[in-house]
Structures are given as structure tokens and as C-alpha cells.
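So the protein lines, in turn, are chains A and B. Numbering of the first sequence is given in my numbering, commencing with residue 549 and proceeding in unit increments. Numbering of the second sequence is given in my numbering, commencing with residue 549 and proceeding in unit increments.
Treat the hints as calculated values from the structure; they're not laboratory data. Don't take each hint at face value.
Note: identical chains are not told apart, hence a pair may lie in one copy or across any two.
What the hints assert, rightly or not - Derived lysine to aspartate or glutamate pairs resembling EDC-like cross-links, with alpha carbons at most 16 Å apart:
#1 K628 / E739
#2 K628 / D774
#3 K628 / E783
Since the model is a prediction, treat every value here as computed from it, not as a measurement.
Number of protein chains: 2
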Amino acid sequence: MAHTSVDEHIAHVRTLLAGAFGGTESVILREALGRTTASAILSPVDLPLFRNSQMDGFAVNTADLADGVTLPIVGEIPAKPMTPAPLERGTTVRIMTGAVVPDGADAIIPVEDTTVTDAVVTIHRGRRSGEFVRDRGSDVHEGDELLPARQQLGSRHLAVLAAAGIGHLDVLAKPRVAVITSGAELIGPGEAPALGQVFDANGTAVIAAVEAAGGSVTYAARVTDDVDLMLAALEAAADVSDVIVTSGGISMGDYEVVREALEPRGARVGHIAMQPGGPQATAVFEGTPVLCFPGNPVSTQISFEVFLAPILREAAGLAPAVRVVHRLEHLVDSVPGKRQFLRGRALPGGRVEIVSGPGSHLVAGLAASDVLVDVPEDVTELQEGDAVECWIL
Amino acid sequence: MAHTSVDEHIAHVRTLLAGAFGGTESVILREALGRTTASAILSPVDLPLFRNSQMDGFAVNTADLADGVTLPIVGEIPAKPMTPAPLERGTTVRIMTGAVVPDGADAIIPVEDTTVTDAVVTIHRGRRSGEFVRDRGSDVHEGDELLPARQQLGSRHLAVLAAAGIGHLDVLAKPRVAVITSGAELIGPGEAPALGQVFDANGTAVIAAVEAAGGSVTYAARVTDDVDLMLAALEAAADVSDVIVTSGGISMGDYEVVREALEPRGARVGHIAMQPGGPQATAVFEGTPVLCFPGNPVSTQISFEVFLAPILREAAGLAPAVRVVHRLEHLVDSVPGKRQFLRGRALPGGRVEIVSGPGSHLVAGLAASDVLVDVPEDVTELQEGDAVECWIL
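Isolated chain A (complex conformation) (with noise of 0.2 Å):
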């Protein structure tokens, strides 16, 4: 796949993934925010599942008002499981905010338009019926849609549900992404590195940016440069992973462990018109796809977003990472025939400033970075003021 464009590889990709992910499985209420409804909900009854009183006040039949009508209290519903006696013509009964209204009710007089003298109540203001009254499916009814599928669930969504006594639903399943990192040089966090010895960002990288992209890990491994290490570390991570990711060992050098242990296994190895991220493989593992990304963290971290973060997020329910076109504070040269993904912080007034050079081990240049700015294979200058497209981080 030599001078692949990058619309091709994601493409390619694509392909790869299609179908690996989906199934849905059931949570409950306090675990499903963030998460996004499978299907679409249907309301199990009526919101209001009763008439109820909008106020604190007197239930009347508005045949009885006249302005300063004096009703006697004849009784009091409180907002609590009751079934309250019917209101005979003539009479009142104080009603809480949220209390069953009695039959023969048509409205609520809110006390602060009565003056209440021992048992009986003076009204101001007379009411048309139905005033204050909420009626038993004014908001839902049985059988109406609460929210509709592949919705993202906020708050307001888990609230109505509640509110409809549901208490679980069916939401789409994480996509299950295993993680492998690679590389004889690698030591973890609290190592004393010698000579040679990097720490690797790559797993805490890809682990965080799989969360970030409504994904779950479900295997995580750093092997060195042994090919049956590898392969076992692959073999664990197939059997519980929708797709797994690599980093390392996929350039032309030699100790390329992902290359030796996936290429024999008909691994697709090349080379993107991209920078960083040129090196890109792809792969099937025991019915797994696999994604192999470069090992340099910032060809890992930009290969991620731009391959996979999108496929993930589409997976699992969320909207898409939002682009935006800004401007360019400064000329920037770009290497011809490749893609670029520039290191930019937007600045105020829809303005850009590239924040780090080309190099693909800056990983501090990518951290102090809130855009990716994506510079087209055939652009090789951008003057002041260009408009450019961002990848929001």
C-alpha cells in the first residue's frame, strides 16, 4: 500500500471494522449516563400517572365561584398515596402541590388568592376549569416514545425514565478494544531508565483515548521485541477484544515484532501519505482485526484519532469530535505530498498558532496542543490568515 492516501487507509479501515462492533447490554439507571439507548423507549404509562393539584390551594368545582365565594374546608389531600372522597357541590378541600384531585374538581385556587377564616376559605379570584389542574398523560402517554434510540443520555434523559418507573435499559455495548504496546526499549512508570530505556506513553495513551472514544479496554499488555510474547499477548487479547491496537514494530528495521509476528498471518504493512503516522498495518488475528499503529507517541496518539477514535465513537453512540475551521496566525510550510496533522492551540477570534515542531517523539508539543491541524497532501505553504481545518483534541 505504498503512498496510500490517508482517505483510502481510513477507508481501508473501515472495511477491516465493519461489524466488529454492536450488541447492547443492560445497565441501570444510575450506571447509564453517558451511555446511549440501544432502541428507542417507549413510556410503560401516563405522565402524570394522575390528576394532581399544580399548586398549594383549595380543589373546587368553578360552578361554585363567584368573585369572594365563601366555600367551607372540608377535608385536605395531602401529596401521598390517597384515594381522596368526591367533592361535593359547594364545599372545598385544601390540596397539596402534587395531590390527587378529587372527582368532582375542575380546578385549584392557589391559597394566595384566599383568605382562610376558621373552616372556611374566601375566594378572590374566580378560575376557569381545568386551571392549575395537571391531568393524568399531559406530558406522556402510555405507549409514547421518552426518547429514541441511540440517544446519548444526559441527566434529563435518566430523569424522565425514572419518572416513568423505569429502572435498567438496553444500551449500545462499549466497543471492546485491547491494547499492546511494543518495544525492547520500554519501561513503565517508577523504573530507573538505563541507557536506552524510554517510558512508555503509548499505553496510557491509547488506554485513555479508547475511554475518551465511549470504548471499554478490555486487555492491555507491553511485550518487548519477542514474537511469542507477542503472539500470546494477541492470542489473550483476541479472545476478549472487538478490535486491538499495536503500537511498534511495523517499520523496515529489523526486532519489528508486530511486523514478524502478523505479516506471516497475511498482515497488510505500508506506508501512509501522512505525517506523523506513516507507518501504518493492518491485520486479522484469529478473527480479530488488528490496528498497528507506529511507535513514536505522536504518530500513535495522531494515528488513533485520525483511524480509529471516529470509528469508535460512531460505535458507541457519541456524536462525532467536532472540526472547525480556523485561521492561520502564521505561515507554515508543509512536506509535499503528505498529509500533515499540525500540533495547534486555537486562539481567540477563530484563530490558530501551530505549537510544536513536526517531530513525532514531541510529545510535550501534543500535550500543550488543542487542535490537530490538517494540512492537505498537495499543500506545501499556508500564508497568515488561511483557513485551515481543526481536529478538536
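The hints should help you fit chain B onto chain A, whose structure is shown.
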């Protein structure tokens, strides 16, 4: 606090909660996604840790180079822990990406610019000193700031910490929030409602909203109209939380359990010029501030968004929720003297439509909205095309 404005109540709540939150906690990187740095983080190391190769190729002394020069290959340096021998003049060594550049070498010749025959390599293209060599510290020097204070952590931020060997860090503690819903009419999901009973939506809604605003729910309870049970819940809540949120039980009717529990303890109970969410109270219970929201589910949720969510987000180090100006799709009437928060849905082209009536029981209408349309107190009518401030949910 009759006729208190929304802004006045916001200010009062800010004063009440000043100093309620704070503190930091130490987390491992794996748990740090989405959290916020408590202070600037300085690098304990240079990055790169050592001078290393940017390419698979040959390490050379550029003083030896001329077009077409042939050099004997006297060794190989993989990317793994090792201290390579210094490069002797007139020789070269194979070197892998990321491997230690030996003393005496000052450039790397990419493998694609060479021809290898047995133990010698012909170099087709000269290189300047320093080309394809990544100097120690060229990304970050020891002591440089890796991340500023109050940086919300995405995967790229965790990556730079991991690259520097940092395995854990101090983040802002999550604001600890207790959630108490009240009402003799409330039942939980799965229960069969008798006439007069309703499913509690507020517990679910506020718990999820706290988490969405970066807080942690440290206590949650549903209390009937029994004052002793409410006092017991408040005590348990005060022990473990920075702020207590209650819903319901603060209006002027009888059986108002929150008011009965807190008014003797100095609660401020009153009415805000706002719809929904007019009735509001605040208190301090055993040293812990209490925000008392009205019990209608839409009132509770909008009260949370207006009065507490911005403060929680700030305390957790999250960016403020976005507010945008949209143009109304149609005419809107508003009650004079009350600031309305109407439920709206954003439309393409920067327009917004209202999707629900004003009733504070219309939970489905709120769930169908994605913005709150903020209509100022003094406005009674808005025309199609008028600009309105929208709070994005």
C-alpha cells in the same frame, strides 16, 4: 427573599458555598482521565531521555560523507537498553529508530538513502550534522512545565506524564455532594404506584447531574414527610459531603419536611423571580451548606443547572458549560417579572425552537430539549428571529 432575582440568588449561593470545596487527591494515571491538575507539573527528566535516532538507518560522522561514499558496517544498535561503543571515524553502524546514537556520530542516514552490500553501505546522499538525530531534552528539559495547573486531562496530557515516567499526580478533589429527595408520594422504580404515588425522578436526575458536573455523590437518600427521618438524613449527609442538595418540601403548604427541618435552624426560605424553580431555600446544617430546590422535577433540574452546576464545574476544574446566542424560530410569550428558562432545541442555522410547555412537571419536554432558552425578567414577548441566550445542556 421575596422578589429576589436569579442573579441575586446565584450570588447568594456562591457566597454560601465559598470555601466549601477544595483539597486535592493523588490518582494514578489510569484513573486520571477527565480530572484536573491541582498544580503545575514539572518534568523530572529530559525528554528525549537520551540522544536517539529518528530513523532506521546508519549512524555516521558527517565529516566522513561525500556523495556515493562507502562505509564499513561495524555494528548494530537496536532500540533497547545498551551503551553503544563510540563510532570510529570512517565507519558506520546500523541503528534503529529510537536507539542510542553513539558518541562520534552526528547524523543518521535513512536506510532508503543507502545500498547495503555484505558488510558495507553506500550512501547516496549527504546529510547535515544533526539530521535525523533527536537530541536529549529537545522536547522537554528537566524542570520544564509539562502541564499547567487546572489542566483538564485528556489522553495526550496523560501521555506526556507517562513519557516522563510520572505514574501518579495530584488532581483537584471532586466536590462531594449529598442528594436528598423528599416527599411522602415518592416511590422507586419497580414499585407499583398506588393512587397519589409518583416515581422519584429527582434522585436519579440530580445524582447524574452532579457526576456530569465533575462532582461525586457521597450520600443519597429518599425521605418521606417525617422530620426526624429528614434530620437523620441531613446528619448522615453533612458528615460526608461538601454540599447537600435537597428537592421538594419547601413550599408554603403543610407537610413541607425540608422547611420544617431547616427553618428552625436558620434556613432562608423564599421565592426567586424565576420560572420554573421559583421556590428556593438555603441553609447551613452542622457546618455543611444546603441548597433546597423545589420538588417538581423540571424545577429541580433547572435549579441545579442555574445555581449549582456552574459552581461544581469550576470547583472540579471543568470548563464552564457553553452558552450561545440563537435566533428564535417562532414567537414566545413570557410571564412578566420572572426570568424564564424555556426548554428549547437547537436547529440548523443558529435557530432554536421551544419544545415544551412551561409546566414544571413536564419531564419529557425537558428530555426532548438540548438547550435552556434564557428569557430575561422584563421580557414579555419575543418575536420570530429575536436573539436569545441559550444554555447548552
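How the hints compare with the structure:
no., hint, verdict
1, K628 / E739, "between (62 Å within a copy, 15 Å between copies)"
2, K628 / D774, "between (69 Å within a copy, 12 Å between copies)"
3, K628 / E783, "neither (59 Å within a copy, 25 Å between copies)"
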